[in-house]
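Undergrad: These protein sequence lines are chains A, B, C and D, in that order. Residue numbering for the first sequence is 1 to 468, as defined by the numbering used here. Residue numbering for the second sequence is 1 to 468, as defined by the numbering used here. Residue numbering for the third sequence is 1 to 468, as defined by the numbering used here. Residue numbering for the fourth sequence is 1 to 468, as defined by the numbering used here.
Honestly, I wouldn't trust all of these hints.
Which copy? The list can't say, so a pair holds if one copy fits it or any two copies do.
Unchecked claim - Simulated crosslink set (DSSO-like; lysine-lysine; CA at most 30 Å straight-line):
id : residue 1 : residue 2
1  : K186      : K367
2  : K359      : K226
3  : K356      : K367
4  : K41       : K167
5  : K186      : K359
6  : K186      : K328
7  : K186      : K226
8  : K326      : K356
9  : K220      : K167
10 : K326      : K41
11 : K326      : K186
The hints are simulated quantities; they were obtained by calculation from the structure and are not laboratory data. This structure is a prediction, so every number in the text was calculated from the model and none was measured.
4 protein chains.
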Amino acid sequence: MCGIVGVYGHSEAANITYLGLHALQHRGQEAAGIVTSDGDKFHLSKREGLVGDAFSRGELEGLPGHLAIGHVRYSTAGDSSLRNAQPFAVEYAHGSLAVAHNGNLVNAAELRRRLEMDGSIFQSSTDSEVIVHLLARGREPDIETRIVNALRQVEGAYSLVFLAESKLIAARDPRGFRPLLLGRLKDAFVFASESVAFDLIEAEFIREVEPGEVVVVDAKGLRSFKPWTEESKRFCVFEHVYFARPDSFIDGRSVYRVRMQLGATLAKEHPVEADVVVPVPDSGTAAAIGFARASGIPYDQGLIRSHYVGRTFIEPQQSIRHFGVKLKLNAVRDVVSGKRVVIIDDSIVRGTTSRKIVKMIRNAGAKEVHVRISSPPTTHPCFYGIDTPTRSELIASSHTPDEIARYITCDSLGYLSRDGMMDAVASAGPPQSGKALPGASYCDACFTGHYPIEFKPGTISSLKRVVN
Amino acid sequence: MCGIVGVYGHSEAANITYLGLHALQHRGQEAAGIVTSDGDKFHLSKREGLVGDAFSRGELEGLPGHLAIGHVRYSTAGDSSLRNAQPFAVEYAHGSLAVAHNGNLVNAAELRRRLEMDGSIFQSSTDSEVIVHLLARGREPDIETRIVNALRQVEGAYSLVFLAESKLIAARDPRGFRPLLLGRLKDAFVFASESVAFDLIEAEFIREVEPGEVVVVDAKGLRSFKPWTEESKRFCVFEHVYFARPDSFIDGRSVYRVRMQLGATLAKEHPVEADVVVPVPDSGTAAAIGFARASGIPYDQGLIRSHYVGRTFIEPQQSIRHFGVKLKLNAVRDVVSGKRVVIIDDSIVRGTTSRKIVKMIRNAGAKEVHVRISSPPTTHPCFYGIDTPTRSELIASSHTPDEIARYITCDSLGYLSRDGMMDAVASAGPPQSGKALPGASYCDACFTGHYPIEFKPGTISSLKRVVN
Amino acid sequence: MCGIVGVYGHSEAANITYLGLHALQHRGQEAAGIVTSDGDKFHLSKREGLVGDAFSRGELEGLPGHLAIGHVRYSTAGDSSLRNAQPFAVEYAHGSLAVAHNGNLVNAAELRRRLEMDGSIFQSSTDSEVIVHLLARGREPDIETRIVNALRQVEGAYSLVFLAESKLIAARDPRGFRPLLLGRLKDAFVFASESVAFDLIEAEFIREVEPGEVVVVDAKGLRSFKPWTEESKRFCVFEHVYFARPDSFIDGRSVYRVRMQLGATLAKEHPVEADVVVPVPDSGTAAAIGFARASGIPYDQGLIRSHYVGRTFIEPQQSIRHFGVKLKLNAVRDVVSGKRVVIIDDSIVRGTTSRKIVKMIRNAGAKEVHVRISSPPTTHPCFYGIDTPTRSELIASSHTPDEIARYITCDSLGYLSRDGMMDAVASAGPPQSGKALPGASYCDACFTGHYPIEFKPGTISSLKRVVN
Amino acid sequence: MCGIVGVYGHSEAANITYLGLHALQHRGQEAAGIVTSDGDKFHLSKREGLVGDAFSRGELEGLPGHLAIGHVRYSTAGDSSLRNAQPFAVEYAHGSLAVAHNGNLVNAAELRRRLEMDGSIFQSSTDSEVIVHLLARGREPDIETRIVNALRQVEGAYSLVFLAESKLIAARDPRGFRPLLLGRLKDAFVFASESVAFDLIEAEFIREVEPGEVVVVDAKGLRSFKPWTEESKRFCVFEHVYFARPDSFIDGRSVYRVRMQLGATLAKEHPVEADVVVPVPDSGTAAAIGFARASGIPYDQGLIRSHYVGRTFIEPQQSIRHFGVKLKLNAVRDVVSGKRVVIIDDSIVRGTTSRKIVKMIRNAGAKEVHVRISSPPTTHPCFYGIDTPTRSELIASSHTPDEIARYITCDSLGYLSRDGMMDAVASAGPPQSGKALPGASYCDACFTGHYPIEFKPGTISSLKRVVN
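If we strip away everything but chain A, and leave its shape as in the complex, we get (with noise of 0.2 Å):
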């Protein structure tokens, strides 16, 4: 749950990688980074929080080059953020290497294992580190072959941006589990995580890196190979249910339009009666659009969001608790109040929020409460880069849609089923221009349990010992 940006051949790579993390920021809110080559030289900054908060200009002047690859971090509870920042950024035999990962290595604690056998040290407890590693052993003259071997020995999900002095490397793993787009700004090539970073660099899209494949940008230009044989193509499909910007194409497809057709769909999968559809926002709106279309009930903004709740609220501690989602969440009286309501949302967790919103929209008045989830139940972890929490923590992996329905005291629950997300997908294509990704199948693991690639038994997280 990261996003990362590449930029080869721009007079101001720095703010372009800066600007590109903006657009990035749903992706990744705990640490930000940037380095940057000038050909020669290394420039490196990396600070915790937002984007906007981690790079004053002076920061900015003082990463100079045409070179740069950024990442931005999502937040996982109790691990030191600025160790484990990224770009993760060394010095090895063959001069400077960075590298910016999104994903996440099934393997890494055993590879890890192994490297400190062979008299490895560690600094972070971050895959990246462990890749920086294996193409450091790398005897091969050429970075893309120490790249192409080090990537041979992981497995599981990984868009990567690598920098050398000269040289800007991006790499998918042959599932394509996550994003990672090819674009243009002038003479510049650019990477992204998705597309909303090239309209704000105001850069063309060209292509999905596809899975699979190594590209490579350099003074010769850009080229391209596939080192791997061909596996079944694995896109998350979580990235279109949520965690990708509506605005986005990911994957050859508007995210915002298959967020529409999902709702559609749940409309004809679990019609209601009722007076208004109110989505929760953000993450809602475009399936409760669709759903109010299809079912022609009258869409309303019945939940408005705050724009200022941050990192740094501080929950009065005593008396008044429990604030997490007033803060965040308001209901309109006047759009609710005597109203049958169905509440539009992507996904329950948890159900402690869904419970909360559903007391809200009831204390405003609301006669009828029906929620209306625009995926299928999470029952299950992901292991490929979504900070999903453990199995037992998903309160659909050990209870029932009705028992879910007592506990968040709504009226109906409707869940979208797994070939009803799989048809909305598919038919909120065909993609609109010629560039889309060739045969996309989807990672559906979290709502299915069936893992395209097996984990292996320990975790970095598990083997740390050092370092708090």
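On the provided structure of chain A, position chains B, C and D as indicated by the hints.
TA: Here is chains B, C and D on its own, set in the frame of chain A:
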């Protein structure tokens, strides 16, 4: 353009005030302040920035007492903010006094000149300091009388909360330009600029403080009086159009409902053949829904607003420029591409932002772009507390709608008429309950130039000589 | 216990003031402030902390103008520092005014009460605000007269610099408790509390501002007058004993020379058989050298003072305690081990520090520890600007030297006599040049209780009700 | 030019380390770091700046455990400080490891190149990271053997403390360039660069860690071994001349006593007719006292050092320039005016500071200014851990004392001879107790160019390509 909160009789008065200010954050982002009284001593904290940034847990814990008032201040360029941050707290012959003010006095400069001639010294350029000086010169033994006599001398817009050692006093000018509401939280009385503050702190709305009313809360309970001759009401219509939060009730009306009504009327006044209605989020959303329903054209969220645009974002200064609007908004290509799009916004100030939005929609592939504004042309500055630019900067003060349409490059432009606006507001009632403000009529000076109170030349700022 | 600086006629008035305050940093570490005038407008910056921390380059650049006054403030516990930081700047009928004050008024509380009865409001608990209110009530057209009439009403100790748009005025009370010097830097006139400020800015010392003198500098040049009836001089002897820097000339005498003389006289009054004379650095150093020369006992720097003890040091709170003195001082074992040691200090306040120093010297192996104090027992609090504790906390107010010696566990204790002190001061002159302050005699109230001006009961602090 | 601390077996190991580092602050002001072990996990905090600024109470409380090591780092210009701050902590095959290093390896660049060829990646440009890599490649089961085998490969100066989960290991290179002492605090063992750290934490000094010794402390207690063939000792004489604190014992000798002896010998080698001996505080103080006693010329503190010169002071950039020395030092006019003054300093590096001091003393009225230096001319850079400039910047490498005297504009200049220095050091013993370091002889390469270990060309800095 500020927000105020007052609390009497709660053991966590500072925390309640803090949360109330958080809910009113949209009314002022420059500075936030809280003053509490423990019955004997005052405790004060004021900081620049958002409420969540301004107060740490330690600062809130340093604000004991069961009485409190708070203030959020709007950013006015070039003005040393902390010096002018409110509440304004002083010691005088009768003890301690603090005040928080929403509104603008029209004779502040004149009063200040007179006070200075009598030996007063000033430390800020706020109207509030003028009020406190007037009050301090009163020799009446009770503070209610001193307040009434002080306010008798001022003209203009004021919604005020005063704090004395063991008293809370709220006052609203006879025309009632700015809102002020009274609520109850268990045994405590609370005042706030908008009802959303009550929603968050779970207080019960009792009624609006009426224009011309002074409400005193102390150990003897709550009492109220109307010391001034009645004036015709002049509630600010722009609160409904743009300024207040859509989930607020003010003036006895749901802001969301009013805005929907404005949109519906706008659809009737300025119909258009189109494929999709797109709001400029978030202030245009309710009006767009109203427009869509009245016109039958589908509503879609074709502009996505970033949650991460704050005061600290640094725009790189070199070749990449003019990111202002793009950082905040992005078009959903799939929604607008190949379509005839109606953009709904609440107002046009200088025209530069609208021009960029039209361009953004066109770049995303729209065939036609029609702009509809849910209020009349903004032709005159506000002297009663909204921070509009001077007349010469208001594009509508010197240009016809046709000229404006040409400037912002839209295919057609329609403004809601003055009467349409007033009808829409009226029809959004009858107010939901018997508690509504009786006989409200509206100030529309920013659209008509009919100022209910004449402005006295010589602003305090123009007087200002000292202390940058 | 503050330091003040004033500059008239220098293109970098803020920078000069900043450097002058840096040289006076020992007179106040709590807060620092500068106000400049560009002839028309004032510019103000005040911050908590040391001068070097308080002002960034940007802040200094934001202080244009060729007139400036500045202030460093001593830390007084429990007092919100920034609110009380100086200079105090306001607007009033005649324009803008700022003031910086070193000293303490004895009738401030009474004056404040009277002003409040007349309608004044107060924002700080400083004496300076009282002076400004008095001044603002004056109706005389020229500021000099307003200042004189205001000061006519105050009693106590004051060395003041006032800033108006294009005038700088310095004033010193008729007894001259606190120092104030006049110097010249090319075409500019400068004022400062001690001559070390002139050394740093390379200004030439002209003369002291005389007790009872008001000096005005404006476009017409410098002029001076003495509006009050002459009083006998009462320069603070404790400035020489402890407070001023040893490299300063004040009162026409070298502080270093005075301290050496105090040490020499002390050696005569309280001789002792010993092997080494050790100062408590830095205030005891010159006296120890004087003692060593007079007694023939070798001088050694047997206590080393850390350069790194500042306000931010956190003392761990658990088992390791009472590091206060040890963090600041350490004994040189080789100097004191096996020796009979004479410790020279300037004064004993509560006795706790002296007790720890004696223990430290003994732990380092000293055979005997004799303490000699270069002033008489401190028995009374100062009401004229030195922040001594209340009488009950002054160990010498209730204990004999013998009892004190027992408490601090030294082998013998000797205080300089009152007459010895006065003779020493006198003999350290005749003042080096003809520029000295004529007829100086001294205030010794802290040693004798003979207060030159009676203190009016009711301090401003005791009046304080508001605003923590 | 760093300071290190290690603690084994104290419930407040972080607090003890923090205080120890505070006492060693003069050895490094750029950055400070502490790593603790709670027996299972490491906890780390590193910050730029002084110890007191670097650690808040919260940070110290976040460092639990009864083992700790700490480090203060000297500022080397142009080097990203936090990345190179120590201790350096990693995970490797055998668990967790941290190290703090005082000294400089002469073959670090060569080792690093070799390690990189074998696949190591580097994140800093410190020698410590080289040591950790060597150690991590060891396959021996016990850490003592891995440390010995790693150190067998390095050449140069090192005093080291290593931290493993439940072990503390100290090591000192066979020549013993940098000091390292062992002490006891109740049941805990402590290590520190100088004895002043023990004074502050009230630990008992046991003995120096001997050159070539490795000391291991764990649950089984303390044990020691000397795995290397013995080398002739080369303790750094410049620690005595300038670097260590005067209240420290290192190398079995009192630094204060050594400096007095240097001053006494200097008086004999370079006698002068003069009226007063003035030290450049604080490093010249003890030598000046020695000079004064040997010569019979009175000692006076004619230069006063400001306590408030820190890293944050901003020098105004315009007309007022070159305040460097004046901000720090000021002459006492009364001491030097009309006098023949002998200035005592420990060394002359570039000559610019000495030149300013001579000028300052003359401006204060001195008739003659004679400079005496308590060490020989500094002609060669140090490769063993003192941050001296390159040869070309050392004025004495290309100028005779006569030329230097002319440059700094003094009336006469005398340097202590090499033999005089060595005799003085020797005569400052015999060491106070039987605990002294046996057979110490000294490295004087900076005065003679006789380097005990040859420097291998190619520094790590020259290798550095990455990561600014």
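Undergrad: For each hint, tell me whether it holds in the structure or not.
TA: For each hint, the structure was consulted:
no., hint, in the structure
1, K186 with K367, "between (56 Å within a copy, 26 Å between copies)"
2, K359 with K226, "neither (52 Å within a copy, 40 Å between copies)"
3, K356 with K367, "within (16 Å within a copy, 43 Å between copies)"
4, K41 with K167, "within (12 Å within a copy, 39 Å between copies)"
5, K186 with K359, "between (52 Å within a copy, 20 Å between copies)"
6, K186 with K328, "between (40 Å within a copy, 24 Å between copies)"
7, K186 with K226, "within (26 Å within a copy, 65 Å between copies)"
8, K326 with K356, "within (8 Å within a copy, 34 Å between copies)"
9, K220 with K167, "within (10 Å within a copy, 53 Å between copies)"
10, K326 with K41, "neither (49 Å within a copy, 32 Å between copies)"
11, K326 with K186, "between (46 Å within a copy, 19 Å between copies)"
Hints 2, 10 from the earlier list are contradicted by this structure; the remaining hints agree with it.
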